[in-house]
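S.K.: Residue numbers (UniProt numbering), protein chains in the order written: chain A, 1 to 423; chain B, 1 to 423; chain C, 1 to 423; chain D, 1 to 423.
Treat the hints loosely; a few may be bogus.
Claimed, not checked - Below, in silico cross-link-like pairs of lysine to aspartate or glutamate (EDC-like), each with a Cα-Cα straight-line distance of 20 Å or less:
#	chain 1	residue 1	chain 2	residue 2
1	B	LYS51	B	GLU22
2	C	LYS146	B	GLU293
3	B	LYS289	C	ASP203
4	B	LYS184	B	GLU128
5	C	LYS289	D	GLU395
6	B	LYS5	A	GLU4
7	B	LYS397	A	GLU283
8	D	LYS55	D	GLU114
9	C	LYS117	C	ASP203
10	B	LYS56	B	GLU128
11	D	LYS397	C	ASP139
12	A	LYS146	D	GLU395
13	C	LYS146	B	GLU283
14	D	LYS328	D	ASP139
15	A	LYS397	B	GLU285
16	C	LYS397	D	GLU271
17	D	LYS289	C	ASP203
18	D	LYS289	A	ASP144
19	C	LYS289	B	GLU190
The hints are simulated quantities; they were obtained by calculation from the structure and are not laboratory data. Here the structure is a predicted model, which is why all the values come from computation and not from measurement.
There are 4 protein chains.
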Amino acid sequence: MIPEKSPRVEELEARLEAFMEEHIYPNEARFYRESEEIGPWGVQPVVEELKPLAKKAGLWNLFLPESDLGAGLTNLEYAPLCEIMGRSHLAPEVFNCSAPDTGNMEVLVRYGTEAQKKAWLEPLLAGEIRSSFAMTEPDVASSDAKNISSSIVRDGDDYVINGRKWYTTGATDPRCKILIFMGKTDPDAEPYRQQSMILVPKDTPGVKVIRALPVFGFYGVPDRSAEVHFENVRVPASNMLLGEGRGFEIAQGRLGPGRIHHCMRLIGLAERTLAKMCLRTSERETFGKPVSERSVTRERVAEARIMIEQARLLTLRTAHKMDTVGNKEARAEIAMIKIAVPNMACQVTDWAIQAFGGGGTSNDFGLASAYATARLLRLADGPDEVHRDQLARMEMKRQRAANDAGGVRNWGAATSARALGPE
Amino acid sequence: MIPEKSPRVEELEARLEAFMEEHIYPNEARFYRESEEIGPWGVQPVVEELKPLAKKAGLWNLFLPESDLGAGLTNLEYAPLCEIMGRSHLAPEVFNCSAPDTGNMEVLVRYGTEAQKKAWLEPLLAGEIRSSFAMTEPDVASSDAKNISSSIVRDGDDYVINGRKWYTTGATDPRCKILIFMGKTDPDAEPYRQQSMILVPKDTPGVKVIRALPVFGFYGVPDRSAEVHFENVRVPASNMLLGEGRGFEIAQGRLGPGRIHHCMRLIGLAERTLAKMCLRTSERETFGKPVSERSVTRERVAEARIMIEQARLLTLRTAHKMDTVGNKEARAEIAMIKIAVPNMACQVTDWAIQAFGGGGTSNDFGLASAYATARLLRLADGPDEVHRDQLARMEMKRQRAANDAGGVRNWGAATSARALGPE
Amino acid sequence: MIPEKSPRVEELEARLEAFMEEHIYPNEARFYRESEEIGPWGVQPVVEELKPLAKKAGLWNLFLPESDLGAGLTNLEYAPLCEIMGRSHLAPEVFNCSAPDTGNMEVLVRYGTEAQKKAWLEPLLAGEIRSSFAMTEPDVASSDAKNISSSIVRDGDDYVINGRKWYTTGATDPRCKILIFMGKTDPDAEPYRQQSMILVPKDTPGVKVIRALPVFGFYGVPDRSAEVHFENVRVPASNMLLGEGRGFEIAQGRLGPGRIHHCMRLIGLAERTLAKMCLRTSERETFGKPVSERSVTRERVAEARIMIEQARLLTLRTAHKMDTVGNKEARAEIAMIKIAVPNMACQVTDWAIQAFGGGGTSNDFGLASAYATARLLRLADGPDEVHRDQLARMEMKRQRAANDAGGVRNWGAATSARALGPE
Amino acid sequence: MIPEKSPRVEELEARLEAFMEEHIYPNEARFYRESEEIGPWGVQPVVEELKPLAKKAGLWNLFLPESDLGAGLTNLEYAPLCEIMGRSHLAPEVFNCSAPDTGNMEVLVRYGTEAQKKAWLEPLLAGEIRSSFAMTEPDVASSDAKNISSSIVRDGDDYVINGRKWYTTGATDPRCKILIFMGKTDPDAEPYRQQSMILVPKDTPGVKVIRALPVFGFYGVPDRSAEVHFENVRVPASNMLLGEGRGFEIAQGRLGPGRIHHCMRLIGLAERTLAKMCLRTSERETFGKPVSERSVTRERVAEARIMIEQARLLTLRTAHKMDTVGNKEARAEIAMIKIAVPNMACQVTDWAIQAFGGGGTSNDFGLASAYATARLLRLADGPDEVHRDQLARMEMKRQRAANDAGGVRNWGAATSARALGPE
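Chain A with its partners taken away, still in its complex shape:
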């Protein structure tokens, strides 16, 4: 059900671990400091400094499955590497494996024309520019993507775009040069054919990055969320992706990989958080013994370990299923990890914060930002509730079909002598 790691992956893992030890962990304090200093509109120098080192180390663009543009790894092979990167907020971008770029690059690889690839995929793969994904809107509940109501109107050889977006991750980044925009080309089409995706260069007139959006108080880390308005933004018709009305199709294709990457990274973050919790409680004493020896600490450490193991196995199996039967056939599994992993990571982090005492709420131990990262992902790319709803529909349908296919509905009911009484 889940194949063993190949020697190639083990070798990459070893190199990645070494890079983490040498370049990532020692630079985290600097990264957080620079993030606060530059705020949401700047670039942390440490990131640009480390990117060439990662490229040189051959740890670059590991994410692209089934493609000769990246490392050519399957999702399953990429999973343990992505998990390692996820241990640190600094790492993913250093390896050119961070959201939303990985998802956007996948879109361009799968659905882009040669010209689109040339213009945007190449510099993205080179780490020269960054990108955004403009889908969520402040004015509607975007968890039902059919609600998205920005307009993309054909006008001669162009499309004219209007709408307000937020949670457009990365738009405040000065390196961001291109946005993938989702909006309605045909409000009268059947519901799943109304939306399209189109490429919008950030410097197009009418694109206004209104403001940065903090996430649980954090600007820039974990996420550079932004509000972006589009006012009569005109782009050439050739910027359309795949064709009018195919926005849902692309979203479906994009969100699978994006979601599993998020999950892999969160597992790494949860592992690191558990390590911190174990070490800290081993060192601090209250009422005459280490906090690690209290059974309430142990209960949580044990549950955290169980939750992480289960989440990882489910994620690996999902990756393997994506590799073998395709993203679409694996959509129930993708929904499962999208629900399970962020909830697991929230719980593990919450326990760790509690174990650290007041300091757990500060920035000193990286726990508050870890919580923000995990908590955001119970909402980003669809809230838990929407995924549970879809997963349950699939389950119900499958169960009813199995039953209709001749299954003996056997409740096992029986009326005993004892029940029947004396009469």
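Add chains B, C and D to chain A, keeping to what the hints say.
M.R.: What follows is chains B, C and D alone, placed relative to chain A:
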């Protein structure tokens, strides 16, 4: 990490499913009725009727790993078969794969002398007799097995046994002929060498099956628990298993397989319960629509599906680890499933009961007894708390060792310009 | 918000406590033994033996509020007394304060004619007979009471009744002489006017008590549930309660008091369970110290105490609100306790079972039956989900009205300089 | 158990509500904007602007119980007023009722000399200065206050103070002029007599406010936490509070009121959050209907309402107990609310964030900062785990005493005929 099913297992699975459809499900109502009628001291005729059919169908003793006495399946291979049997309270015994016999047979295979095997293993494998495991004592908290204080005293060529036991599963069954008894041979030895295990034929003078113990109100199903007193019970010295002071060693070897079988069966029971929940809520309407269409139902169905998948993957990986590195090296994983699976099954069953309304608390849908089965297993073979404690100790130790081995303890702390203020 | 206890209540409390010490607790073992022996179709001799003593002690019919038939206590005054009775499964009936009789007597007091009172209320108040309430049906989801589909058809001076009922508590009791039956008199009326309630003497031809229904494996304790079929049951038209089509109105009036009594009793049961948990864990040692000194035990004891205190305060306030503004105006509060209290009691009992080890699942400590009592009440008189739905509707309506009434909807949103960036 | 509100309180409530409508809610956006702009080291102009209005409106220093310096309200009377203030992060300070000043003023009222009162209490009551409480230390687990190891050494007519503190709320505020410092005067005394509290003017040489500490990413709101070092800080011996070795005694007296105020405010915040959740979900549609009509939303709204009501009642009863039997006798109740209320507020806020979608994690709706406020209070003034431990000890002790006092330990065990079997 988890190999695919072999063709042999798939073939066995198909035959087992067919047998379940033909013989097990249709006889469940009868099984429950007979169970109530005969009470805890009798034998359900339906069980004895079906056992020869299972034997004839080649679905007999599938549980014994690494042995030519059974089907020769690995733990991983047995897992999906055990899960199928677990769907029904009737099934495991029909296939001679029920607790506590499987665990006891494993003990005899591993630690029994030829004479002991001849006397007890052979009729157990043939399904002619049943057995009990007498470990837990009413007078001490037996979750700390060092507390167990029954005595086994050498007297010439015999041992003389005294003590009170309960949760001696199966002892009220008239077919039960042999008990494996755990007690102290040397109260002065170091703690883990005080206990021994010895074979006690049930008809030995002084063995008194005092009473049946109900489990959540149920006598006999899910479990035939009993209180058994041993008063100056004299057995030949050759009944000792493995040697004096080796009780913990045997317990360790016995409990791994016993625990994973319980987990596999519970996963099957949880699957069946989820199926019932999906079907029932699809058929019942309240306030104008099927209960299955309420989002609160869907949330629970989705979470149940996620929990079952995670539990199954963790159990399969544990089975594979037992097969490849041994029960001892897999003890962290065994602890994990022993905690995770019964809790999962309790939660899934609780949701199902709620979805069924009042009827869920009756015997009509098999949910109350399923709950009793799952709930008991949060205590049987060690309560959650003890397993969590041990798991956490292993985790803490591992984390501290990793840290000491030169890991940069990197909290990522940084003091930002914003924090430092105006001075 | 919640007045202090009056001296009269304190005096009753003291007498009730003394009676519990003298007559109830010492007879519990006997009660449970007799309950198992007689099964669901008999009467425990101990109950009939103690009833005259309670009557003589002036501890009889304490439940009836605003009535000179009982003790004349308000709901608030009755609450602490009912809680004390609730500590023991034996107690409520001994004091003639058990379900479903108290609810049925309230119906007769409020809605009965003089003749109906004479015939049924008087012997019920005297403890000479018992009664049942036949509402829930196996064939429909009765949590939506509009689904109830038994028929009550006028035929001359009679009504003819047909239908299948279950969870008709008490119907297997040989002392049960009268049932309050709910069914449709007019399927074409508007939804809340279709149902009526009518008195059906149990010995009327066509009333068939089909079987006893176990609750989590228990027959008779905590509840004597039964399935009862009504086949062309003919009763005089004068047996109708209040009038055709007024079934919902009566149900509304009946269920408030019935629900709060259940809650009060459950609080008493939870208190006793917590006491057991504290004492048992203080006496049992594992790994070198009492279980009571492990922090995981303490966490649960503390949470149990908090949950009980909160549940009691909410119940007392609900009682006071029922006394001062009426059952209808207190319906949000009644819904709250109907949800909160059984869930609290389930959780407290579950912790206690876990603290007791395997023994917690037996009948030896009264915990499994306490769990069954609490768990059933998450379903009886409406499942949690229905009460939450109704409570949320009231809350939403209130919040929207408050907002419309000129409330400044103030989210507190502000766009900071930091968000606005460098432009 | 909880008296009704007096007319005086109702009148104050009405005036307070009016002030909130007129001055607080409309200024919240400005307050949040200014907070971000000034950062943790400045003062929001809006606060200083509103304080005179509150003073003029007679809504000033409402918190001081049993004192003619404040409004002379009891804790119970203050509770509903404090709850109203708690709805807004802006409000408490405007009314001079914010932490840590209220706790510090209570200390000065109770334990201060006339000179100390003159110097510090008067300007605090006048809202001219602010204060800090320096107790928690980064180097030890301060949840066990005995661990606190800063030193206060007598040297002639002075004390010389050394130590590192953090979570010294308010120290970065330029208006903060005085700190109450806790440290050891006698490391050799018995554990609870080693600590003392002493007044340290912030401008004393050696007092170094090292940095601001963010709380879940937020600087300044909800809390202005800071790290403060004390290096050979010399203050006159007359600055000692109450006497050497009495630090624990003062802490005990201080923390009760401080904790209940936090709880009252959190209840107000939770109420407002629930209101936001109801309104938002009523306005947003997904998949064809308002989010408010999904049963999963309703479940959470209902549970939130129940949790808030229970928390409020418990808090009010605690306040009344503090008023009638004193803070010390009410310490079990204070522990209960200190655990229950922040956990309740975390849960309610978490649900609200989920209901708001991505926007819930931003600052636009005040939910992320509400979460930070609530989450911090699971740690501030002692983590949940310490309070649960102490509460459980009290409970266990009480239960054992009750049992020893002649209570019949009655488990209700009984061995039934069914259990005893056929022999």
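S.K.: All hints, please: hold or fail.
M.R.: These are the hints, each one checked on the structure:
no.	hint	verdict
1	B/LYS51 / B/GLU22	holds (14 Å)
2	C/LYS146 / B/GLU293	holds (19 Å)
3	B/LYS289 / C/ASP203	violated (38 Å)
4	B/LYS184 / B/GLU128	violated (31 Å)
5	C/LYS289 / D/GLU395	holds (18 Å)
6	B/LYS5 / A/GLU4	holds (15 Å)
7	B/LYS397 / A/GLU283	holds (13 Å)
8	D/LYS55 / D/GLU114	violated (24 Å)
9	C/LYS117 / C/ASP203	holds (18 Å)
10	B/LYS56 / B/GLU128	holds (15 Å)
11	D/LYS397 / C/ASP139	violated (51 Å)
12	A/LYS146 / D/GLU395	violated (55 Å)
13	C/LYS146 / B/GLU283	holds (17 Å)
14	D/LYS328 / D/ASP139	violated (30 Å)
15	A/LYS397 / B/GLU285	holds (17 Å)
16	C/LYS397 / D/GLU271	holds (15 Å)
17	D/LYS289 / C/ASP203	violated (51 Å)
18	D/LYS289 / A/ASP144	holds (11 Å)
19	C/LYS289 / B/GLU190	holds (18 Å)
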